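*Asks:* Each chain is listed here by its residues.
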Amino acid sequence: MKNRDIKNRLRQSASSIDVPDNMQATFDKLPDTLTIIEPKRKRQPNWLIPLLTGGAAVLVLGVAIGVPLGLRNRDIIDGGSSLPPSPSLTYNLTQKEMNAFGYQALSTVAMVEDLSPDMRKGRRISEELADQVADEVVSYMDVVASFSEKDAFTFLLDEDSGFEILFNDEAVFDLDFNETPGKEPGEYLYEGTIRDLNNGEEYQLVGKKEIEQGEQEIEVAVYLSNSTWIESKHEMESEEDEIENSYEYSFFSNGKHIKTIEYEVEIEGLENETELTIIEDRIETSVSFEYLGDMSKGYECEYSKEGPGIEEIELEMKVKRNQDGTYTFSFEDSDINLIR
Amino acid sequence: MDPLIKELDAHMRRFQGGDLSSFPSFYELTHRKIFYICLGLVGQKEDAEDICQQTYVQCIEKLSSYSPNSNPLSFLATIARNYCYSLLRKREESLSYEDEAHSSSGTYDTYTDYQGIDKMLEVLKPEEKEIVILHVIDEMKFADIAKTVGKKLSSVLVSYHRAMKKLRKEESNRL
Numbered sequence: 000m001k002n003r004d005i006k007n008r009l010r011q012s013a014s015s016i017d018v019p020d021n022m023q024a025t026f027d028k029l030p031d032t033l034t035i036i037e038p039k040r041k042r043q044p045n046w047l048i049p050l051l052t053g054g055a056a057v058l059v060l061g062v063a064i065g066v067p068l069g070l071r072n073r074d075i076i077d078g079g080s081s082l083p084p085s086p087s088l089t090y091n092l093t094q095k096e097m098n099a100f101g102y103q104a105l106s107t108v109a110m111v112e113d114l115s116p117d118m119r120k121g122r123r124i125s126e127e128l129a130d131q132v133a134d135e136v137v138s139y140m141d142v143v144a145s146f147s148e149k150d151a152f153t154f155l156l157d158e159d160s161g162f163e164i165l166f167n168d169e170a171v172f173d174l175d176f177n178e179t180p181g182k183e184p185g186e187y188l189y190e191g192t193i194r195d196l197n198n199g200e201e202y203q204l205v206g207k208k209e210i211e212q213g214e215q216e217i218e219v220a221v222y223l224s225n226s227t228w229i230e231s232k233h234e235m236e237s238e239e240d241e242i243e244n245s246y247e248y249s250f251f252s253n254g255k256h257i258k259t260i261e262y263e264v265e266i267e268g269l270e271n272e273t274e275l276t277i278i279e280d281r282i283e284t285s286v287s288f289e290y291l292g293d294m295s296k297g298y299e300c301e302y303s304k305e306g307p308g309i310e311e312i313e314l315e316m317k318v319k320r321n322q323d324g325t326y327t328f329s330f331e332d333s334d335i336n337l338i339r
Numbered sequence: 000m001d002p003l004i005k006e007l008d009a010h011m012r013r014f015q016g017g018d019l020s021s022f023p024s025f026y027e028l029t030h031r032k033i034f035y036i037c038l039g040l041v042g043q044k045e046d047a048e049d050i051c052q053q054t055y056v057q058c059i060e061k062l063s064s065y066s067p068n069s070n071p072l073s074f075l076a077t078i079a080r081n082y083c084y085s086l087l088r089k090r091e092e093s094l095s096y097e098d099e100a101h102s103s104s105g106t107y108d109t110y111t112d113y114q115g116i117d118k119m120l121e122v123l124k125p126e127e128k129e130i131v132i133l134h135v136i137d138e139m140k141f142a143d144i145a146k147t148v149g150k151k152l153s154s155v156l157v158s159y160h161r162a163m164k165k166l167r168k169e170e171s172n173r174l
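Here the protein sequences come in this chain order: A and B. Note that numbering that gives the first Met the number 0 numbers the first sequence so that position 33 is 32, with each residue one more than the last. Note that numbering that gives the first Met the number 0 numbers the second sequence so that position 131 is 130, with each residue one more than the last.
Misleading hints may appear alongside valid ones.
Computed cross-link-like contacts, DSS-like style, restricted to lysine-lysine with a CA-CA straight-line distance of at most 30 Å [claimed, not checked]: (1) B/LYS151 to A/LYS207; (2) B/LYS118 to A/LYS6; (3) A/LYS255 to B/LYS150; (4) B/LYS124 to A/LYS317; (5) B/LYS150 to A/LYS232; (6) A/LYS207 to A/LYS258; (7) B/LYS5 to A/LYS6; (8) A/LYS6 to B/LYS151; (9) A/LYS28 to B/LYS89; (10) B/LYS118 to A/LYS28; (11) B/LYS124 to B/LYS146; (12) B/LYS168 to A/LYS28; (13) B/LYS168 to A/LYS317; (14) B/LYS164 to A/LYS1; (15) B/LYS151 to A/LYS258; (16) A/LYS6 to A/LYS317; (17) A/LYS304 to B/LYS124; (18) B/LYS164 to A/LYS304; (19) A/LYS232 to B/LYS118; (20) A/LYS6 to B/LYS165; (21) B/LYS164 to A/LYS319; (22) B/LYS165 to A/LYS304; (23) B/LYS165 to B/LYS5; (24) B/LYS124 to B/LYS164; (25) B/LYS150 to B/LYS118; (26) B/LYS61 to A/LYS6; (27) B/LYS5 to A/LYS258.
Partial list, derived from the structure: chain B residues whose beta carbon lies under 8 Å from chain A [said to hold, decoys possible]: (28) LEU19; (29) PRO23; (30) GLN52; (31) VAL56; (32) ILE59; (33) TYR84; (34) GLU126; (35) ALA142; (36) ARG167.
Calculated from the structure, these hints are not laboratory results. Predicted, not measured: the structure shown is a model, and the values here were computed from it. Where a beta carbon is used, it is the ideal one built from N, C-alpha and C, also for glycine.
Produce the complete structure using the sequences and hints provided.
*Replies:* As structure tokens, this is what we get:
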């Protein structure tokens, strides 16, 4: 039974209910006298003008877009300074924190690498709904797959190779970063690079770890360019053995925040469910993936999109990863199969 | 803005200006939706009817709390669910004072028309049931539901998908 069958049954049942019309009785109970509420007049934001002139503008814009995490280092981002020296191997990261840091770096760089040409060069409008949905969903598949196969990843720190991320014992990403204490006790800042060992691409990476009242927060940002980057935020409670599986990714393009993705994972044995919530231009997209135990079975995927000015979309599909790294999308109730 | 929400917002602005003449239209456009929320939460027709009436009365009494250009349905739903949860708390308190024999025999009469939905949704937690009713039956957007129930959008979406999964599983078992 599909979601739409459930919905139809619920709506049918609801419409069969004899809803009493108590309009008159209700109206009679309304207060006799109403307090008239004057519409509020819009004030001109004159206070912005002096703020947005001269040096103050730099401060405001800097706070608004440049240093929301206190992360950015102009020398590194502009490539003005040399690459950071080799890791000192004295990071204030426990194995659990290192895993969390590694996951965030991994998933964030996966998102950077999956940035569609649309985001890099502006929105492209697909003609076919299936094409549009497959194009969108495939951009999340690598990060979803990285969590589904999380046991296959190892986060290693040793004298010879530094911090590496291994997939099935094969090094796939190399992290090279410095740690410096932050201003607050328990705060550490990280600056360096993450290199994709498959294609040789290297991205600037900055991060921060904070410990406050028993809670830890790790933030990682990976830069595609000086003006396009993705920040991830992950909070975890120190008393738990498991990494709490809730992440938030913020996308910045041309220095502006354009999109937020929230990511939650629920794991039950071999099966897991992930839920992505994407908020962009007041459009909400929800993509849930039910991982069926191994990659040959793939995922059951539900996709929905709603927001002002668009027609609501709800689709269900199966997604399987192919040998060549592409994905096959089989849409429910249709013969449409697409490879991306 | 959704045409229905736009129309309801126009009514609310009129009410704020002291003109209640369009209240019957406003009621006509909303009362079924509000009734479904109430019935879903309290499960009893008479209580749902009472709460519906109280909801509209408080909506008019608290017009100053409504911000033009927002969602009147969400405003009404928030009031309605507050009344519902208040009633549910009272019921729990009164049950705790009763002896076991009395409480087991003191079940509430169910609304027979409602039994179809109630049976379908009985596997859900109250917060999941609420979200399913608001989204599927009342056709509210998730963002508005999040505001109404005071949760993050992602939490609402996760609850909704978990609820639908439970319902699919339950329905498959029944077939």
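*Asks:* All hints are to be evaluated individually against the structure, with a verdict given for each.
*Replies:* Status of the hints after comparison with the structure:
1. B/LYS151 to A/LYS207: holds (25 Å)
2. B/LYS118 to A/LYS6: With Cα atoms ~14 Å apart, B/LYS118 and A/LYS6 stay inside 30 Å; holds.
3. A/LYS255 to B/LYS150: With Cα atoms ~26 Å apart, A/LYS255 and B/LYS150 stay inside 30 Å; holds.
4. B/LYS124 to A/LYS317: Holds, at roughly 28 Å.
5. B/LYS150 to A/LYS232: Within the cut-off at roughly 19 Å; holds.
6. A/LYS207 to A/LYS258: holds (21 Å)
7. B/LYS5 to A/LYS6: holds (25 Å)
8. A/LYS6 to B/LYS151: The hint holds at about 23 Å.
9. A/LYS28 to B/LYS89: holds (23 Å)
10. B/LYS118 to A/LYS28: violated (34 Å)
11. B/LYS124 to B/LYS146: holds (19 Å)
12. B/LYS168 to A/LYS28: Violated: B/LYS168 and A/LYS28 sit about 44 Å apart, past 30 Å.
13. B/LYS168 to A/LYS317: Distance ~18 Å between B/LYS168 and A/LYS317 Cα, so the pair holds.
14. B/LYS164 to A/LYS1: holds (9 Å)
15. B/LYS151 to A/LYS258: holds (16 Å)
16. A/LYS6 to A/LYS317: holds (20 Å)
17. A/LYS304 to B/LYS124: Holds, at about 25 Å.
18. B/LYS164 to A/LYS304: holds (18 Å)
19. A/LYS232 to B/LYS118: With a Cα-Cα distance of about 41 Å, the restraint between A/LYS232 and B/LYS118 is violated, given a limit of 30 Å.
20. A/LYS6 to B/LYS165: The hint holds at about 13 Å.
21. B/LYS164 to A/LYS319: Between B/LYS164 and A/LYS319 the Cα gap is close to 20 Å, so the pair holds against 30 Å.
22. B/LYS165 to A/LYS304: holds (22 Å)
23. B/LYS165 to B/LYS5: The hint is violated at about 34 Å.
24. B/LYS124 to B/LYS164: holds (13 Å)
25. B/LYS150 to B/LYS118: Measuring from Cα to Cα gives roughly 26 Å; hence the hint holds.
26. B/LYS61 to A/LYS6: violated (34 Å)
27. B/LYS5 to A/LYS258: holds (27 Å)
28. LEU19: Holds, about 7 Å.
29. PRO23: holds (6 Å)
30. GLN52: holds (5 Å)
31. VAL56: Hint holds; B/VAL56 Cβ to chain A Cβ min 5 Å, cut 8 Å.
32. ILE59: holds (5 Å)
33. TYR84: Result: violated, 21 Å to nearest chain A Cβ.
34. GLU126: Where the cut-off is 8 Å and the nearest Cβ of chain A is about 16 Å from B/GLU126, the hint is violated.
35. ALA142: Result: holds, 6 Å to nearest chain A Cβ.
36. ARG167: holds (5 Å)
Of the hints listed earlier, those the structure fails to meet are numbers 10, 12, 19, 23, 26, 33 and 34, in rising order.
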